[in-house]
Amino acid sequence: MVSHIMLSCEAYICGLEVFRSSVYRPIRYSSVTPRLNQGARYISHSEHPSPCKVTMASINLPSESGREDPIHKPPVDASNDPAKSAAFIFVHGLADSGSALENIGDQFQQGGKLPWLHWIFPSAKHNITQMDTAWYIQHSLSPIAYSRPELAPDEDEKGMFETVRYLESLIDACVEAGIPANRVVLGGFSQGMAMSLLLHLTSTKYSGKLAGIVALLGYLPLSDGRSRIHDLRIEAGFSGAVADETPIFMGRGMKDSLVPKRIWNLSVATLIDLGIAEKDVEMHEYEGLAHSINGALLRDLCAWLERVVPAIEP
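For the sequence shown, numbering that gives the first Met the number 0 begins at 0 and goes up steadily by one.
Hint data in this document are derived by calculation from the structure and do not stem from the laboratory.
The beta carbon of each residue, even a glycine, is placed where N, CA and C say it ideally should be.
Take the hints with a grain of salt, since some may be wrong.
[Said to hold, decoys possible] Derived SDA-like pairs: lysine to any residue, alpha-carbon spacing no greater than 20 angstroms straight-line:
1) K254 with A289
2) K72 with I58
3) K157 with A176
4) K72 with K83
5) K208 with A242
6) K208 with K254
7) K124 with Y165
8) K254 with Y285
9) K208 with A144
10) K254 with M282
11) K254 with K204
12) K208 with A172
13) K204 with K260
14) K254 with K278
15) K157 with S168
16) K260 with I271
17) K204 with N181
18) K124 with N181
19) K204 with A302
20) K208 with S226
21) K83 with D272
22) K72 with K204
23) K204 with V174
24) K278 with Q129
25) K204 with A310
26) K124 with K83
27) K260 with A144
28) K204 with P246
29) K278 with A302
30) K208 with A176
[Unchecked claim] Ranges of calculated distance between the beta carbons of each label pair, as one might list FRET restraints:
31) H138 with K208: 26 to 32 angstroms
32) H125 with G236: 31 to 37 angstroms
33) D230 with R261: 34 to 40 angstroms
34) D80 with A242: 36 to 42 angstroms
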């Protein structure tokens, strides 16, 4: 396991201290967003502090009926050449929306971190079965292994691949705006992690072509009790084994009760079995962290992003 990397984040932005809250939880738990640095107060996601300088850059993101439009935070210091920028599509979890994660982008921009990065926060549609926003119908995640594969619950494969196609359309928009696919990071929290990994492993458009994948406090779908991912790769025209070297950042809270450790360990083992090299995976476990995001995780993520989509000199 990679040890935690502590960053010396900037202490001031436009004369104001950068603040860090103790923890982020999805909307259904808390409205407080995480902070890169510790400070005296919280800023909820309902506040929208403006960066010192924003150069607007055009990405024609898709708009769909019944879905909130993606939130786009353009780079603070945008290059005239889109190929020198980068994008991070950050996908929320169950019963949440893009606005819940938006201030993470604010934190990075106000801290002077990755000023060349587009932040894109999509939102899931309302799901009638879930009675809330969801990328797919969530099945139960059992802490106990099934005695026979056929006992594992059926997963919402149809809903998952509808989401994969939508996320592909967001990447399409970035590429059409001039950002190379290898400068686009896709990642997510909980269900967002599941969808990011599924796209990475099965997309005929973008599997193995992105800058990196961020996988936070979630799991690999279609892998518990069945080897469905392998079959899907074959159906998509890939070899069963993953041959690319796409970097993956994985983070787990050691007190996460919503995604059992068995499910996390199974997800990691399945990724390795599929051919993903351990050298390409940076994995962190955070003591005391439940199903949420904290400042330590964000600092580690910041360091990783700076490596996978570094600044390109003019």
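Hints, one by one, checked against the model:
| no. | hint | in the structure |
| --- | --- | --- |
| 1 | K254 with A289 | holds, 4 angstroms |
| 2 | K72 with I58 | holds, 10 angstroms |
| 3 | K157 with A176 | violated, 29 angstroms |
| 4 | K72 with K83 | holds, 16 angstroms |
| 5 | K208 with A242 | holds, 11 angstroms |
| 6 | K208 with K254 | violated, 33 angstroms |
| 7 | K124 with Y165 | holds, 11 angstroms |
| 8 | K254 with Y285 | holds, 8 angstroms |
| 9 | K208 with A144 | violated, 34 angstroms |
| 10 | K254 with M282 | holds, 16 angstroms |
| 11 | K254 with K204 | violated, 36 angstroms |
| 12 | K208 with A172 | holds, 15 angstroms |
| 13 | K204 with K260 | violated, 32 angstroms |
| 14 | K254 with K278 | violated, 26 angstroms |
| 15 | K157 with S168 | holds, 17 angstroms |
| 16 | K260 with I271 | holds, 17 angstroms |
| 17 | K204 with N181 | holds, 12 angstroms |
| 18 | K124 with N181 | violated, 28 angstroms |
| 19 | K204 with A302 | violated, 28 angstroms |
| 20 | K208 with S226 | violated, 23 angstroms |
| 21 | K83 with D272 | violated, 35 angstroms |
| 22 | K72 with K204 | violated, 25 angstroms |
| 23 | K204 with V174 | holds, 12 angstroms |
| 24 | K278 with Q129 | violated, 37 angstroms |
| 25 | K204 with A310 | violated, 25 angstroms |
| 26 | K124 with K83 | violated, 32 angstroms |
| 27 | K260 with A144 | holds, 11 angstroms |
| 28 | K204 with P246 | holds, 18 angstroms |
| 29 | K278 with A302 | holds, 17 angstroms |
| 30 | K208 with A176 | holds, 17 angstroms |
| 31 | H138 with K208: 26 to 32 angstroms | holds, 30 angstroms |
| 32 | H125 with G236: 31 to 37 angstroms | holds, 34 angstroms |
| 33 | D230 with R261: 34 to 40 angstroms | violated, 22 angstroms |
| 34 | D80 with A242: 36 to 42 angstroms | violated, 31 angstroms |
Checked against the numbered hints above, the structure breaks hints 3, 6, 9, 11, 13, 14, 18, 19, 20, 21, 22, 24, 25, 26, 33, 34 and satisfies the rest.
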